[in-house]
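> The lines below spell out each chain.
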Amino acid sequence: MSYSILLEESIMQKGIYATAGSKMLANFTAPISAAVADSLEAGGMQIAGRAKMSEFGASGLYDDSPCTLLTEAVNAFCSDKNDAILCNDYTGTIAANAARRGLCYIHPTYGTVSRYGLIPAVCSMDQIGVLCKVPSVGFEILAIIAGYDARDGAMLPSANDGGGRTVGFNNNDGGDKRTADTRRTAALPVISVAKMPLYAEIYRQITQILCSAELSGNISRYDGIKFGYAAKDYSDLRELYTKSRTEAFGEDLKLSALIGAMVLGAMCYEKYYDKAMRLRRVIKESVCWDGFDVLRYIHDADGKDAIVFAIFSRLCGLPSLSVQECTYVADAGNEHALSMIAVADEQ
Amino acid sequence: MNSFSGYENIAMIEPGDDERGVLKARFDEIAESFKLLLKYDASTVSPLVSVFDVPCVLREDISQKLLSREELLSGALDSHDGYFKVPSTLE
Numbered sequence: 001m002s003y004s005i006l007l008e009e010s011i012m013q014k015g016i017y018a019t020a021g022s023k024m025l026a027n028f029t030a031p032i033s034a035a036v037a038d039s040l041e042a043g044g045m046q047i048a049g050r051a052k053m054s055e056f057g058a059s060g061l062y063d064d065s066p067c068t069l070l071t072e073a074v075n076a077f078c079s080d081k082n083d084a085i086l087c088n089d090y091t092g093t094i095a096a097n098a099a100r101r102g103l104c105y106i107h108p109t110y111g112t113v114s115r116y117g118l119i120p121a122v123c124s125m126d127q128i129g130v131l132c133k134v135p136s137v138g139f140e141i142l143a144i145i146a147g148y149d150a151r152d153g154a155m156l157p158s159a160n161d162g163g164g165r166t167v168g169f170n171n172n173d174g175g176d177k178r179t180a181d182t183r184r185t186a187a188l189p190v191i192s193v194a195k196m197p198l199y200a201e202i203y204r205q206i207t208q209i210l211c212s213a214e215l216s217g218n219i220s221r222y223d224g225i226k227f228g229y230a231a232k233d234y235s236d237l238r239e240l241y242t243k244s245r246t247e248a249f250g251e252d253l254k255l256s257a258l259i260g261a262m263v264l265g266a267m268c269y270e271k272y273y274d275k276a277m278r279l280r281r282v283i284k285e286s287v288c289w290d291g292f293d294v295l296r297y298i299h300d301a302d303g304k305d306a307i308v309f310a311i312f313s314r315l316c317g318l319p320s321l322s323v324q325e326c327t328y329v330a331d332a333g334n335e336h337a338l339s340m341i342a343v344a345d346e347q
Numbered sequence: 348m349n350s351f352s353g354y355e356n357i358a359m360i361e362p363g364d365d366e367r368g369v370l371k372a373r374f375d376e377i378a379e380s381f382k383l384l385l386k387y388d389a390s391t392v393s394p395l396v397s398v399f400d401v402p403c404v405l406r407e408d409i410s411q412k413l414l415s416r417e418e419l420l421s422g423a424l425d426s427h428d429g430y431f432k433v434p435s436t437l438e
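As given, the protein sequences belong to chains A and B, one line each in that order. Under the working numbering, the first residue of the first sequence carries the number 1, and numbering increases by one thereafter. Under the working numbering, the first residue of the second sequence carries the number 348, and numbering increases by one thereafter.
Don't read these hints as lab results, they were simulated from the structure. Since the structure is predicted, the reported quantities are computational estimates derived from the model, not experimental observations. Cβ coordinates follow ideal geometry from the N, Cα and C atoms, glycine included. One or more of the hints may lead you astray.
Here are the simulated distance ranges between beta carbons [unchecked claim]:
hint, chain 1, residue 1, chain 2, residue 2, range
1, A, Ala301, B, Arg416, 52 to 62 Å
2, A, Ala200, B, Ser393, 52 to 62 Å
3, B, Glu417, A, Gly250, 24 to 34 Å
4, A, Gly44, B, Lys386, 48 to 58 Å
5, A, Gly15, B, Ser393, 28 to 38 Å
6, B, Phe351, A, Gly44, 44 to 54 Å
7, B, Gln411, A, Lys226, 14 to 24 Å
8, B, Thr436, A, Asp80, 42 to 52 Å
9, A, Lys23, B, Glu379, 23 to 33 Å
This is chain A alone, in the form it adopts within the complex (with noise of 0.2 Å):
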């Protein structure tokens, strides 16, 4: 069956514009397409346009505040016939959204879907995912575009596979949390508890500091020289390159360049970012999947911590799958457990 897919705009497309959602991209066209553009287009399935983000996605990064552009384009997916969007959602704020609007996010496991073709953010956690209305859905086209691209110096050889799984929940659930899901998990064999994750209440440090450090690193190419936006008004080489990036950031893009030269200086290095990518070890090695595959992670009643949720994925690089009511993750290349939970869900 073909779907119709929108492009997020940090997606390249040869001959078509690439902003990345920033006015320092604004008049760039790409030379090349992406790996999942060519994957789609080769899968039968039609991609019918750019979808608006975030500057580079980085909204919600530093605080609550909704970003528009964001909002308006969930809020338009939400009632126009496209039937998913591929995004790079590395702060898990469209994960957050697509759960609070009823639609469906699917994040895959670090390194199964290439990454050639896209505008970096941030190396270690960028990854494209799949908004979508029906999870199904999502699936289906998550599996046309992930496997092996040796143009990827970041991928997994294979993703594994196999039968019957198993889910724990986490403590949000309230009441009886076996019985209480007995439908949803009617086509999995076992269910077992598991707990918050580890040092949740951090992981917004974590992820500004080491977002911060790559962005501030991927974002250093724009200088107004080679592409993108340059000042008009400049007497010398370095007035050209601030000029230009000072007048193409907005707030956020400054505000992560400005901090990741905080965090990767001699000053701070080793007490802020050395110490949250050793934090993330701790995070990632802390999860056990003996006894179940999929943690089921329960939204508070306003779905604010969804992103909290969505941004655990991220820092383990573990696939998650988030719609309106709760968060799954599961463990590195078990997408599967994810569809069968989906399939579950819709039947």
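Keeping the supplied structure of chain A fixed, place chain B upon it in accordance with the hints.
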């Protein structure tokens, strides 16, 4: 150079007074919140650089032509004889 203006210099950003005030307020608040990390001990583990610890394998050094010189220069501010042209750096 461990100050806001020092970070502006490294980041090559020079906001006007109003924007600078907003950025500095947000920067200070975020930097203050980073101190929370100091309460946690992670000294016994190594920093996580790649989520799956995939070994860095050097690929064969094979020359590939991805883009032509014209394509690479198509978005440049200015070019000359097939090279990027930049403002003069010496008087």
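> Now, for every hint given, state plainly whether the structure supports it.
Hints, one by one, checked against the model:
1. A:Ala301 - B:Arg416: 52 to 62 Å: holds, 58 Å
2. A:Ala200 - B:Ser393: 52 to 62 Å: violated, 22 Å
3. B:Glu417 - A:Gly250: 24 to 34 Å: Hint holds: Cβ distance 31 Å, inside 24 to 34 Å.
4. A:Gly44 - B:Lys386: 48 to 58 Å: holds, 53 Å
5. A:Gly15 - B:Ser393: 28 to 38 Å: violated, 44 Å
6. B:Phe351 - A:Gly44: 44 to 54 Å: holds, 53 Å
7. B:Gln411 - A:Lys226: 14 to 24 Å: Once the Cβ atoms are compared, 20 Å apart, the range 14 to 24 Å for A:Lys226 and B:Gln411 holds.
8. B:Thr436 - A:Asp80: 42 to 52 Å: holds, 50 Å
9. A:Lys23 - B:Glu379: 23 to 33 Å: holds, 30 Å
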